[in-house]
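Each chain, letter by letter, is given below.
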Amino acid sequence: MTLTTMLTTMGAGMLRTIGIFFLTLIGSLPLGMVIMFGRKSKNRVLSAIVKGFISIIRGTPLMLQLLVWYFGPYYLFGWSIKGYRYPAILIGFIVNYACYFAEIYRGGIEAMDRGQYEAAEILGYSKSQTFFLIILPQVIKTILPSITNEVITLVKDTSLAFTLAYQEVFSLAKQISASETSFTPFVVAGIFYFVANYVVAYVMDRIEKSMSFYS
Amino acid sequence: MILEMKNIEKHFEDCEVLHDISLSVDSGEVVSIIGPSGSGKSTLLRCATFLEKIDRGFISYKGETVAHTPDGAKAEYVSRKEIAKAKNYFGLVFQNFNLFPHYSVLKNVMDAPVTVQKRDRKEAEAEAVKLLGKMGLSDKANAYPCQLSGGQKQRVAIARALAMNPDILFFDEPTSALDPELTGEVLKIIRQLADEKMTMVIVTHEMNFARAVSNRVIFMDGGYIVEEGDPEEVFGNPKQERTRQFLQNYNQ
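If you're matching them up, the sequences are chains A and B in order.
This note's numbering puts the first sequence at residues 1 to 215.
This note's numbering puts the second sequence at residues 1001 to 1252.
Think of the hints as simulated: they come from the structure by calculation, not from any bench.
Not one of these hints is a red herring.
SDA-like cross-link-like pairs, simulated, lysine to any residue; straight-line CA separation at most 20 Å:
1. B:1053 - A:114
2. A:127 - B:1077
3. B:1053 - A:126
4. B:1107 - A:213
5. A:141 - B:1143
6. B:1107 - A:126
7. B:1081 - A:125
8. B:1081 - A:129
9. B:1053 - A:121
10. B:1107 - A:117
11. B:1085 - B:1027
12. B:1107 - A:215
13. B:1107 - A:138
14. B:1118 - A:128
15. B:1118 - A:125
16. B:1107 - A:139
17. B:1081 - A:130
18. A:127 - B:1046
19. A:127 - B:1083
20. A:141 - B:1103
21. B:1107 - A:125
22. B:1118 - A:131
Just the calculated beta-carbon pair ranges, DEER-fashion:
23. B:1088 - A:128: 12 to 22 Å
24. A:47 - B:1184: 42 to 52 Å
25. B:1053 - A:47: 18 to 28 Å
Heads up, the beta-carbon is just placed ideally off N, CA and C, and yes, glycines get one too.
Could you put together the complete structure from these sequences and hints?
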């Protein structure tokens, strides 16, 4: 195998990795908000269920969760769903990251000064206006560093999709290295992850700076 | 009568913080509430502004009942919609300003009129600019709260409250978080509002200010109104021993 073929094959894997990365963020950032609302719900049953769920997701390996999401429907209900591999990967990633984001959101919201809610209430802002206009923008600023951490971890975690034999960059590196008895694919994969995270850190830093006009 | 509160009772868990308090405020009146920490002054303001719910008693704004207490029962509030309407009648200035840090000074002042009262943006902005001018903050319209001194922040908070065109303005220890040096600029603004016949209820530890600016002074202690009356009388010739004691400690 020439280096060009290797890079072309791995390039396709990189695109798949990037696909998991963005779809996971698009799904888990809002889903985390929903989970956080469930966790903070005044309904104690709902809050306890959500708390238990978050604890399971955070307390077990993502790799195991991917296997459960993929094989669960068959072993539990006898369903064999065609083309389920990719959806199972996305469900696994989105649910896992949403639970982490939910806890980050919760921490950010609970750290907010009660005076902000009271000022908004006195001025007559509705509950949703208070949350979306007054509270959330400030929460986003405080939690951004924690979000950055998670996003960087996600770049590397995408490699876990190899568990379900999905041909992303890590799976391909392993395969090509074995078949070609070559070390190069590992180096290529390593550079890819490093550069991806460099870009992530750069972008997040820009976002943080764009919010530094107030403190 | 703008505000009427009658026989207010309020508990926090086992501790009673307001005992049978009544407070009525007429249009154009300036009422100061003084008293030691923990006497229930701030709780009374928080009940008047619905940040706390009363256990028993009666509250009305401009003759519209907000809460009343049927015989032998707990206080009942009117519907959320009617409460929202009553909220339009008052503004509150906090001890800690509670400005929105992510909004510019101008937006702090004009956002609620636009977002809540659905007023025309241009008109709200023009009024906000005018109010900031009155507060001596014309040059700070585009600054953010973190760039202001405490006294400037409090003046923005007053402008923000005034922008809603309230009938009555409450102040909860407006200068307690300020350096003595910055207290004057905030008191000057409040005095100016008093001259313009703005109806105000001021919880304060600034005795000389309370004496000079108010039509009526209320001294509270331990959740009771101990003494109430003309400022010259309450400060110059207090009838109650407890009032005398409190004022003496203050003058030392």
